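Peer 1: My request is simple: use the sequences and hints to build the entire structure.
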Amino acid sequence: VTNDDLGELGADLYVEELIDHYKNPRNAGDLKGAEIDHDGDNPTCGDMVHAYAKVKDGKLEDIKFRGKGCAISQASADILYEDLKGKKLDEVKKLNIQHVQDLLGIKLRPARVKCADLSLIVIKEGIREFESQGKQKKAPPGFGKGSS
Amino acid sequence: VRSTKKARSSAAAGFDVQSLRKDFPILSRKVHGKPLVYFDNAATTQRPVQVLNALDSFYREHNANVHRGLHALSMEASDLYDEAHEKVARFVNADGMEEIVFTQGTTDGLNLVAYAYALHEIGPGDEILGTVMEHHSNFVPWQQMAKLKKATFKQVPITSDGHLDMEAAKRLVSPKTKLLTVTAASNMLGTINPIKALGELAHDRGALFLVDGAQSVPHMPVDVKKADIDLLAFSGHKMAGPTGIGALYGKREILEAMHPYRYGGEMIKRVTFEESRWNDLPWKFEAGTPIIGPGIGLGAAVDYLTSIGMDNIRRHEIALTRYALKRLAEIKDLTVYGPQKAEERGGLAAFTYGDIHAHDVADLLDREGIAIRAGHHCAQPLASLLDVVSTARASFYLYNHEKEVDAFIDALQKVRNVFTKKPSAKVSA
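One line per chain: the protein sequences are A and B, in this order.
Going by the working numbering, the first residue of the first sequence is number 22, and it counts up by one from there.
Going by the working numbering, the first residue of the second sequence is number 1280, and it counts up by one from there.
It should be emphasised that the hints constitute simulated quantities derived from the structure, not laboratory data.
Keep in mind that a hint or two might mislead.
[To be verified] Have a look at the derived ranges for each label pair, beta carbon to beta carbon:
| hint | chain 1 | residue 1 | chain 2 | residue 2 | range |
| --- | --- | --- | --- | --- | --- |
| 1 | B | Gln1659 | A | Ser153 | 47 to 57 angstroms |
| 2 | B | Gln1297 | A | Gly126 | 55 to 65 angstroms |
| 3 | B | Ser1453 | A | Gln119 | 48 to 58 angstroms |
| 4 | A | Gln157 | B | Gly1567 | 33 to 43 angstroms |
Owing to the predicted nature of the structure, the values given are computational and were not obtained by experimental measurement.
Positions of the beta carbon are idealized from the N, C-alpha and C atoms, including for glycine.
Peer 2: Structure below.
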């Protein structure tokens, strides 16, 4: 682990824009009748993100969130969800943490990667949940009432 | 003659046993003035300096709690601990660390399955099928869980030559069978069981397939995908790793379907006054501060064994076992249990020696610096079937060699002499 990404007491990590998204999130709130309604936590520090999204023609028509947590988790949720508006579900499913890093434009220390990743994990889980609705999950062998 | 034989055995193994022994400091010590011959590897093995150094360097340089801290030490400890899971995953060909739960050992892993799976999924009328050759750790949990859940615990018998009776197994697996559990290699008979065939049998009837790998994972290549194993429990200390650590492999969808069985910190995502949400795999099953140091030590043990090659270790043990079986056959009144072909068994030999009790054999061998096990080997049901109370057991590992077997055979001859010696003088009161 190196400290060269810390800058002056980590000042680059807490750049003005990031703090602004944290204090004044553009996408805070919920959506009535959202097809995707899913939340998740980062147990290390208790970050929470609850995502709401309207789905139309296989795309995220609108997306909002409610959350609690550190500046990085909440600001990255706000910045990421702004970026995801209008994107295809299939496209979102393929995204990884690098996309969030690119959006933030800062280098994250290893311990903070999870904070920034939370909102992406939540929306990807939400999409998976949305797509598997109505599909019965097959129980593994030995599970479930009554044997085959 | 001796030296050519030794050279041949080392060549067959694909590694040089003599130079490898230097990695294990304890092997150079003396016991009762004699060079140590350590033949109790089925109970626990010795550790190489590579494992000792990994433990030492963790505690000296990186020690911190994992998965919580934002400070440098915590990140280093977390990385080392996660990486150890990845190493173990690669070792058994699992799909990443999500499928590897660190446990205290095989017993802990098997009990995890009893409480995280059977307690919730087994009900009245269901059947759990084991075998008569199970170690107590893969016998008692199912006997007791069956009682608790009003289910039935049955066992596949063995044939007269010490193999599992596969015809009986086919008859015993029924639509009522929820779980089929079997040891991959018997710690007493040495028998290596047909895991792939047993897995197919279980899956054909919709049963879960659990394997006790305590005596297989340390000694031979194990591939959970090839054998289609659902759950596999094994111990670190039987594979050159520290005590107090082991692993449970589980297919992801099975671990996901299983309930946590120990509750607390580390295993949760969110806790409210009413409800809790479980953490991701594998942490859902690792409540509390995990077994960090020994876990990292297990990763180092896996690195060590991988560097030697599990195929090589298996070949070496077959050659050594073949030699030991040949030499043991020279001794009058000595009976070795289990399959007689070295290829069909693990690197161990449990035996009785005429009417000399196993405890006397073990005691007298110890005086010669030779460490073996005596007793029922935690397989009392099997011992009662074979009608033996106690057997002596010599078990080998990668660092044992033919010269040690020779010393063992010589010592066994001495044991015979102690019991046949005529009293030379009256014992005075």
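Peer 1: Each hint needs a verdict: does it hold in this structure or not?
Peer 2: The hints, checked one at a time:
Between Gln1659(B) and Ser153(A) the beta carbon distance is about 48 angstroms. The supplied range of 47 to 57 angstroms therefore holds. Between Gln1297(B) and Gly126(A) the Cβ separation comes to about 59 angstroms, which falls inside the hinted range of 55 to 65 angstroms. Between Ser1453(B) and Gln119(A) the beta carbon distance is about 51 angstroms. The supplied range of 48 to 58 angstroms therefore holds. For the hinted restraint 33 to 43 angstroms between Gln157(A) and Gly1567(B), the CB-CB distance of approximately 35 angstroms keeps it satisfied.
Of the numbered hints given earlier, the model fails none.
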